[in-house]
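Asks: If you want the building blocks of each chain, they are given just below.
There are 6 protein chains.
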Amino acid sequence: MAKELLHHEVGEHVDLFLLIKSATKGIASNGKPFLTVILQDRSGDIEAKLWDTSDEQVKLYQPETIVRVAGEIHNYRGRLQLKIKQIRPSNPQDGVHVSDLLETAPISKEEIAEKVTQYIFEMKNPNLQRITRHLLKKYQTAFLEFPAATKNHHEFVSGLGYHVVSMLDLAKAIATQYPSLDKDLLYSGIILHDLGKVIELSGPVSATYTIEGNLIGHISIIVNEIGKAADELGIKGEEIVVLQHLVLSHHGKLEWGSPKQPMIKEAEILHLIDNIDAKMNMLDRALKRVKPGEFTERIFALDNRSFYKPTFHP
Amino acid sequence: MAKELLHHEVGEHVDLFLLIKSATKGIASNGKPFLTVILQDRSGDIEAKLWDTSDEQVKLYQPETIVRVAGEIHNYRGRLQLKIKQIRPSNPQDGVHVSDLLETAPISKEEIAEKVTQYIFEMKNPNLQRITRHLLKKYQTAFLEFPAATKNHHEFVSGLGYHVVSMLDLAKAIATQYPSLDKDLLYSGIILHDLGKVIELSGPVSATYTIEGNLIGHISIIVNEIGKAADELGIKGEEIVVLQHLVLSHHGKLEWGSPKQPMIKEAEILHLIDNIDAKMNMLDRALKRVKPGEFTERIFALDNRSFYKPTFHP
Amino acid sequence: MAKELLHHEVGEHVDLFLLIKSATKGIASNGKPFLTVILQDRSGDIEAKLWDTSDEQVKLYQPETIVRVAGEIHNYRGRLQLKIKQIRPSNPQDGVHVSDLLETAPISKEEIAEKVTQYIFEMKNPNLQRITRHLLKKYQTAFLEFPAATKNHHEFVSGLGYHVVSMLDLAKAIATQYPSLDKDLLYSGIILHDLGKVIELSGPVSATYTIEGNLIGHISIIVNEIGKAADELGIKGEEIVVLQHLVLSHHGKLEWGSPKQPMIKEAEILHLIDNIDAKMNMLDRALKRVKPGEFTERIFALDNRSFYKPTFHP
Amino acid sequence: MAKELLHHEVGEHVDLFLLIKSATKGIASNGKPFLTVILQDRSGDIEAKLWDTSDEQVKLYQPETIVRVAGEIHNYRGRLQLKIKQIRPSNPQDGVHVSDLLETAPISKEEIAEKVTQYIFEMKNPNLQRITRHLLKKYQTAFLEFPAATKNHHEFVSGLGYHVVSMLDLAKAIATQYPSLDKDLLYSGIILHDLGKVIELSGPVSATYTIEGNLIGHISIIVNEIGKAADELGIKGEEIVVLQHLVLSHHGKLEWGSPKQPMIKEAEILHLIDNIDAKMNMLDRALKRVKPGEFTERIFALDNRSFYKPTFHP
Amino acid sequence: MAKELLHHEVGEHVDLFLLIKSATKGIASNGKPFLTVILQDRSGDIEAKLWDTSDEQVKLYQPETIVRVAGEIHNYRGRLQLKIKQIRPSNPQDGVHVSDLLETAPISKEEIAEKVTQYIFEMKNPNLQRITRHLLKKYQTAFLEFPAATKNHHEFVSGLGYHVVSMLDLAKAIATQYPSLDKDLLYSGIILHDLGKVIELSGPVSATYTIEGNLIGHISIIVNEIGKAADELGIKGEEIVVLQHLVLSHHGKLEWGSPKQPMIKEAEILHLIDNIDAKMNMLDRALKRVKPGEFTERIFALDNRSFYKPTFHP
Amino acid sequence: MAKELLHHEVGEHVDLFLLIKSATKGIASNGKPFLTVILQDRSGDIEAKLWDTSDEQVKLYQPETIVRVAGEIHNYRGRLQLKIKQIRPSNPQDGVHVSDLLETAPISKEEIAEKVTQYIFEMKNPNLQRITRHLLKKYQTAFLEFPAATKNHHEFVSGLGYHVVSMLDLAKAIATQYPSLDKDLLYSGIILHDLGKVIELSGPVSATYTIEGNLIGHISIIVNEIGKAADELGIKGEEIVVLQHLVLSHHGKLEWGSPKQPMIKEAEILHLIDNIDAKMNMLDRALKRVKPGEFTERIFALDNRSFYKPTFHP
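Residue numbers (the UniProt record's numbering), protein chains in the order written: chain P, 1 to 314; chain R, 1 to 314; chain V, 1 to 314; chain E, 1 to 314; chain Z, 1 to 314; chain S, 1 to 314.
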């Protein structure tokens with residue numbers, strides 16, 4: 001199999017099938033139109049420019065199109081760019097499919113489903129177990145395919161489910177260390193905390209915000225769903241209010257979009273677990289792009305910090 | 001009728017039936033127990049101390065008890081205090097009822113109900129009209145009796161309904177001035193924006209926060225209710241999402257507890273109208289307690305500012 | 001009459017007389033000069049680029065020049081742009097005048113003058129009335145022609161006077177709702193609050209900041225003028241200090257350029273009325289440029305928010 | 001001469017004539033009234049309590065009364081307190097005068113006047129010189145007697161003039177080091193920067209804020225005075241606007257009460273000189289109260305920091 | 001064994017040997033001295049007051065004295081208080097020792113030492129291993145006895161070592177989940193991150209800040225020690241700089257006292273692990289004091305939040 | 001001697017030898033490579049563009065190369081630019097050396113060394129004197145050549161030493177004014193405060209941050225060095241901790257990178273002196289580029305303010 005996009009060095013020649021992730025039209029300062037495209041395969045994505053684009057080309061190189069590109073990896077102000085030398089749309093004979101080029105979670109949808117099911121199975125509190133199972137079932141297909149965000153972290157196919165599984169495993173380890181934690185509540189909160197994303201975002205690929213996503217947001221969306229589910233299932237009891245609180249408060253601070261700060265121990269821990277898993281994902285992805293002894297690009301979601309990759313790491 | 005509590009000058013003698021609004025036990029620095037009580041009649045409330053209280057007295061002077069008090073109005077560090085000289089619980093022969101002593105809105109529950117009903121009647125958008133009428137009906141009793149808050153503004157019986165009516169009247173005037181505003185949306189948003197308080201707070205008198213109020217908050221509570229009501233009434237359409245957005249965003253900023261900032265013109269205006277009505281209420285109540293040429297106490301909810309009452313006001 | 005500039009759809013052809021509002025020289029990345037021009041008629045303004053401009057062209061296309069332009073409306077990253085196909089300076093035979101193309105307030109200078117005069121006439125406090133009339137008379141010509149700002153809101157001919165009239169009407173409606181407000185003080189504060197702009201800004205068209213505007217600012221400028229006017233008219237009394245306070249504090253917070261926060265009820269309300277009128281103006285202008293179901297451009301002065309135009313508005 | 005108040009150690013006996021700086025009535029938690037008094041002589045002030053005060057005593061021990069007090073210096077939570085054992089009002093036979101007990105600047109009014117006059121004399125720019133001399137003359141008596149503030153720094157008789165003289169000397173030294181500074185502008189700005197305090201504050205002793213001080217503030221007060229003075233003296237020219245800017249911006253930031261940030265080099269330096277002189281005054285006064293090896297009380301105006309007095313200082 | 005202090009209910013009678021943790025002298029508002037003492041046994045601490053204390057009593061009831069106390073547990077404004085009925089100093093015959101009453105870590109010093117030694121043993125990077133072992137050995141006695149802080153979290157005997165062991169166990173679990181983490185670096189950073197506390201604080205019991213602690217702080221203290229140790233051991237290499245960075249940045253933000261934000265992946269994770277362990281400790285201690293269905297006291301170090309203890313926890 | 005770079009007016013022709021300070025490769029929007037170069041001589045620096053650069057040219061025009069350039073000074077958006085008409089690398093026959101073109105401090109290395117030595121000589125405290133002399137000697141060569149920063153202020157050859165000398169002179173003047181200041185401590189703190197820059201930065205010309213500079217920072221670097229030096233010299237005593245504190249806290253606030261706020265009087269003054277000298281340097285450099293009656297470019301390190309150059313300055 002050919003070496004994938006991000007496994008090439010700066011200066012190296014590239015000849016690959018790639019997927020157009022986004023394409024933005026611009027007018028160059030010589031008055032001619034150009035396209036800024038983000039091209040990707042499973043290894044990650046890179047920016048490139050198509051100069052002097054005709055109207056026909058603009059139509060040809062839409063998002064979600066597969067193209068064959070020859071070019072060279074450049075480093076422009078510390079960011080990688082692909083200088084395109086040749087480009088053509090792929091055709092059926094090429095035998096390349098969108099799913100071959102999409103970045104996806106490192107574990108399959110089936111594994112995700114199985115692991116989450118196992119965690120639900122382990123719950124002992126029937127109210128939490130029933131409501132979690134009910135909502136997961138209702139949105140299972142999307143849950144297993146959506147990314148966890150449009151950018152920043154876990155922004156790939158099945159990113160949402162993968163993020164949840166990582167958090168569950170981390171929660172289990174932490175709850176072993178601190179046995180006073182209510183594992184059922186924590187698992188239920190983790191499984192549901194971002195489930196509103198399946199309504200907030202447009203779909204598994206090239207996700208954008210829906211009107212409802214923009215105006216209501218994934219937090220309030222799923223809190224409403226928990227309330228409706230409890231009514232449908234006839235569940236009464238403090239678990240519902242507490243579970244809604246865990247979801248409401250999982251961004252940790254009002255200014256980060258949670259209308260309440262955590263006021264339950266498991267809510268505080270859920271927020272911290274979310275934080276660790278998101279940051280590890282961002283850091284691993286950024287550090288993958290640099291060599292030991294170098295600094296990464298500035299990472300916006302980490303206070304615009306740049307991270308150093310030590311030379312002595314094993 | 002006797003001169004009411006707050007109509008007395010500093011230094012004046014007082015002999016009145018008053019309602020205990022709250023009673024907090026303390027241990028004085030001589031080791032003896034005392035009670036800090038807030039006493040009120042319709043004109044407002046005042047703090048007083050009961051020294052060297054026996055256990056029996058503590059039981060006697062519980063919140064929501066009517067007492068007959070003789071004493072004197074003092075000024076302690078710029079705040080009024082009542083120095084109690086004599087106190088006894090009232091008895092049936094006194095013929096004084098709790099409702100005689102509660103501060104209430106300046107218009108009756110019936111007027112409030114009538115005015116709100118009229119505004120709903122004027123709406124032309126059937127989706128907004130039906131959902132507003134449905135929820136108001138569901139919580140009408142509490143809506144007409146609850147305060148709008150536990151402190152700061154409209155913290156009296158029927159304060160919630162009175163606040164809504166003032167805002168509706170203000171909205172009507174503003175919409176006349178700026179005809180591009182969607183009056184139906186604005187009216188509906190105003191009527192529902194604080195309706196979650198009937199679940200957030202414990203009741204019409206001496207309101208405290210419920211568990212659900214603390215953990216979920218009135219904003220999310222009523223947003224959920226709007227969602228459920230739309231389902232029950234079979235209403236579909238963007239009105240529901242937009243109306244939920246108006247309620248979600250009515251605190252104006254994330255750090256003030258709204259999980260979304262206003263992104264609809266009417267949401268922005270609803271926030272501003274809420275602001276004006278709350279501030280006018282706070283200012284009028286604080287200025288009522290001082291004379292021309294004086295400054296009010298610092299008002300916590302107005303950035304701890306102290307306001308001056310000019311000497312030349314008509 | 002031809003369809004005006006902003007009434008064209010994206011993609012539509014345009015052939016209009018337009019006024020150059022500003023022209024900024026740049027050097028394109030091919031090393032050749034170009035001009036970024038803002039073109040306007042009464043309906044609003046749009047950005048356009050002139051590529052490969054000769055020195056002669058740069059001289060020809062100065063601000064405040066009328067040009068005839070043929071081109072096409074584009075959408076570039078969510079902002080409208082005009083792609084120029086042909087351009088020439090207008091000549092006397094075209095019979096087009098600058099005043100035909102300037103965006104102006106929706107009511108005439110005469111109407112503004114008449115309305116403000118009427119409000120002054122209604123005042124009962126002679127001190128406030130005299131000082132307001134005196135200062136208005138002193139700066140009347142500029143007051144009726146200047147914009148209220150260089151950008152953000154009411155940035156058009158007679159914008160200052162129009163903003164004041166809108167605020168006066170709003171104040172009247174609010175004072176009807178809250179009769180404890182001192183209308184004379186509020187009217188006087190509104191009429192004078194931004195009058196310093198006639199010294200802060202350079203003139204009615206293409207306004208920039210003067211040295212005095214930059215170093216002293218419109219707030220301190222007019223506060224000084226009030227002091228001088230009181231001396232000249234021999235007015236003594238608290239009204240002067242209180243009126244100066246209303247003007248000083250009308251930005252509402254220290255960090256927004258007011259050296260004092262509002263400490264008078266009418267000062268607080270003046271700030272809120274200013275806020276509402278400025279925001280309604282910004283929102284209406286931004287929403288006019290989008291269709292139902294779309295979001296506006298981000299509005300810098302509204303915390304960089306983007307606003308949604310619902311599909312169901314009447 | 002007897003050892004002064006603050007020259008006593010903790011635990012030492014005290015028998016002194018002292019001036020009551022302030023007296024605040026309280027109700028003790030045993031229900032009996034008490035007075036918290038601040039007592040001072042030239043060495044500084046100390047807090048003390050008078051327990052079980054009769055109405056007569058409250059009248060006797062008003063601010064600005066001289067008393068003879070015997071007692072002991074205590075240390076209460078890191079603050080000095082005077083435990084009063086005996087107290088009586090002074091009588092004419094005691095031969096003690098208020099001026100004997102007031103803390104005053106370390107140099108006399110005459111010296112202050114002479115030094116400021118000398119600095120004005122050295123100015124070469126006639127516009128700056130004339131306007132400075134005019135305003136100083138207008139307010140000279142108060143300028144030489146007022147404190148620079150009600151608390152925090154230079155809060156003693158002649159504190160304002162002393163602060164100005166210290167700043168002038170410092171400015172001269174700094175301008176020698178950085179000859180590009182315009183000394184005339186800097187001297188004029190320093191002399192006038194706080195002159196508005198003579199209207200903002202009530203008087204030289206036990207100063208409080210006047211209505212005008214509260215609503216307008218010393219910055220705007222003196223900026224207005226500069227404008228009026230320029231008119232009276234017929235001075236035209238950029239010096240007036242620039243001088244007003246120096247005064248307007250001398251608090252350095254909008255949130256510290258300046259409506260403009262410094263935009264002139266001398267304005268920036270004036271702000272920094274003000275800062276150094278105020279901080280040195282606060283630090284010297286706080287460190288005077290502790291011994292080497294100890295920390296001072298927290299100083300509110302220095303971000304609530306506590307400062308350490310090294311043991312090795314010469 | 002008698003029921004320990006915090007295992008008593010509100011209202012219950014107490015008769016116990018307790019240790020005086022701190023004793024602060026006050027003057028009551030009747031003018032008489034009193035003592036506020038914090039009394040503790042292994043279960044935790046409680047506040048109490050001693051009224052009308054003679055000088056002799058003040059000397060008797062110094063910190064670190066053992067007393068026998070009879071009294072009753074009260075609830076005062078949501079905080080527990082002990083109302084003392086009888087108190088006497090313990091004598092040798094009582095057979096009670098300070099160490100019987102000190103709150104200590106739930107695991108012994110020996111276990112802490114063994115676990116930390118084991119983690120050092122597992123390291124593969126010799127530079128990190130040697131420097132960690134060297135510094136731990138140098139300060140081992142204090143490391144095993146000091147608290148981790150004077151208040152907020154792990155403020156008990158051996159708190160520092162216990163905090164480090166908990167963090168190491170958590171780090172091991174997290175590194176299993178995210179194998180890209182450099183475990184050696186993480187372990188070394190955890191073991192050393194707070195080791196400067198042994199110089200910053202005064203000792204294992206009733207710890208206060210030393211001069212060096214106040215002026216330099218534990219972060220800079222141990223960073224210096226790492227530098228010196230590297231010199232002494234002749235270790236060169238990037239490990240030293242990176243390890244110093246982990247310690248420097250472990251507070252996470254500049255405003256929390258780290259002069260650098262984390263710029264190494266393991267530094268970010270170290271900060272998060274520290275956060276989790278400190279918060280779990282604070283939350284468990286606060287929740288231990290309330291019953292299901294109640295809210296804790298506000299916890300200053302958790303943004304002053306109050307936490308709810310659900311009724312349904314297993 | 002030819003007129004130097006920044007002494008030319010906008011529009012004037014330039015023909016000079018200049019040094020390339022930095023060269024950044026870009027891809028123009030026509031797809032062709034270009035270089036953005038910063039060119040300098042002793043008078044300062046200016047930006048220029050080289051269009052359509054070949055690979056050969058990119059190699060030719062590296063940083064620290066001397067070039068001969070003919071062109072014209074332009075004003076682009078308020079910033080000066082040099083429009084290059086001709087450019088060639090210099091050759092040995094030109095007889096121009098790098099040192100001829102580097103901006104350097106206005107006083108020589110020898111003068112700097114002499115002045116600093118004199119200040120050390122004046123110290124009376126032997127501990128402070130010995131440690132200061134020791135560290136200065138250790139890093140003397142770099143101290144005399146390094147800039148004080150990579151940008152913002154004193155970013156020229158010998159900038160570090162020049163900044164220290166200016167601060168020492170200023171400190172001497174201030175200590176004369178406030179004799180309670182410990183001059184020895186202040187001088188020692190000033191000499192050492194930025195000495196860590198010789199390790200933080202890469203060298204005297206075109207300085208960038210080293211790995212150690214990025215991860216540890218100049219503050220912690222030199223604090224460690226002070227600790228080691230005290231050990232080597234066998235100096236004990238509070239001077240070491242206090243001197244380390246002065247260096248640690250010299251940025252004044254935690255959020256500006258100091259792990260402790262100043263808690264010693266001399267630490268506070270050191271911070272203020274640093275502030276004045278840095279600001280004067282920035283302001284003089286910015287104002288040198290504009291004419292009277294103009295505003296400077298916005299200065300990032302001065303809160304992005306733009307400064308006005310009055311027309312009346314002597």
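Check before you lean on any hint, since a few could be wrong.
Note that identical chains are pooled: a pair holds if it fits in a single copy or bridges any two copies.
[Claimed, not checked] Using 20 Å as the maximum straight-line C-alpha spacing, the simulated DMTMM-like pairs for lysine to aspartate or glutamate come out as follows:
id : residue 1 : residue 2
1  : Lys109    : Asp94
2  : Lys151    : Glu9
3  : Lys83     : Asp52
4  : Lys124    : Asp52
5  : Lys260    : Asp303
6  : Lys172    : Asp100
7  : Lys109    : Glu255
8  : Lys109    : Glu72
9  : Lys25     : Glu9
10 : Lys260    : Glu238
11 : Lys309    : Glu238
12 : Lys115    : Asp303
13 : Lys137    : Glu111
14 : Lys253    : Asp303
15 : Lys138    : Asp231
16 : Lys183    : Glu238
17 : Lys172    : Asp284
18 : Lys49     : Glu110
19 : Lys124    : Glu110
What the hints contain is simulated information worked out from the structure, not anything from laboratory work.
Asks: Does each hint hold? Answer for all of them.
Replies: So, going through the hints one by one against the coordinates:
no. : hint            : in the structure
1   : Lys109 x Asp94  : neither (27 Å within a copy, 68 Å between copies)
2   : Lys151 x Glu9   : neither (24 Å within a copy, 32 Å between copies)
3   : Lys83 x Asp52   : both (14 Å within a copy, 16 Å between copies)
4   : Lys124 x Asp52  : neither (63 Å within a copy, 52 Å between copies)
5   : Lys260 x Asp303 : between (23 Å within a copy, 13 Å between copies)
6   : Lys172 x Asp100 : neither (33 Å within a copy, 36 Å between copies)
7   : Lys109 x Glu255 : neither (34 Å within a copy, 37 Å between copies)
8   : Lys109 x Glu72  : neither (34 Å within a copy, 48 Å between copies)
9   : Lys25 x Glu9    : between (28 Å within a copy, 18 Å between copies)
10  : Lys260 x Glu238 : within (17 Å within a copy, 26 Å between copies)
11  : Lys309 x Glu238 : between (47 Å within a copy, 11 Å between copies)
12  : Lys115 x Asp303 : neither (33 Å within a copy, 35 Å between copies)
13  : Lys137 x Glu111 : within (16 Å within a copy, 47 Å between copies)
14  : Lys253 x Asp303 : both (16 Å within a copy, 10 Å between copies)
15  : Lys138 x Asp231 : both (15 Å within a copy, 17 Å between copies)
16  : Lys183 x Glu238 : within (16 Å within a copy, 39 Å between copies)
17  : Lys172 x Asp284 : between (22 Å within a copy, 18 Å between copies)
18  : Lys49 x Glu110  : neither (38 Å within a copy, 54 Å between copies)
19  : Lys124 x Glu110 : neither (24 Å within a copy, 37 Å between copies)
In terms of the numbered hints stated before, the structure departs from hints 1, 2, 4, 6, 7, 8, 12, 18, 19, listed from lowest to highest.
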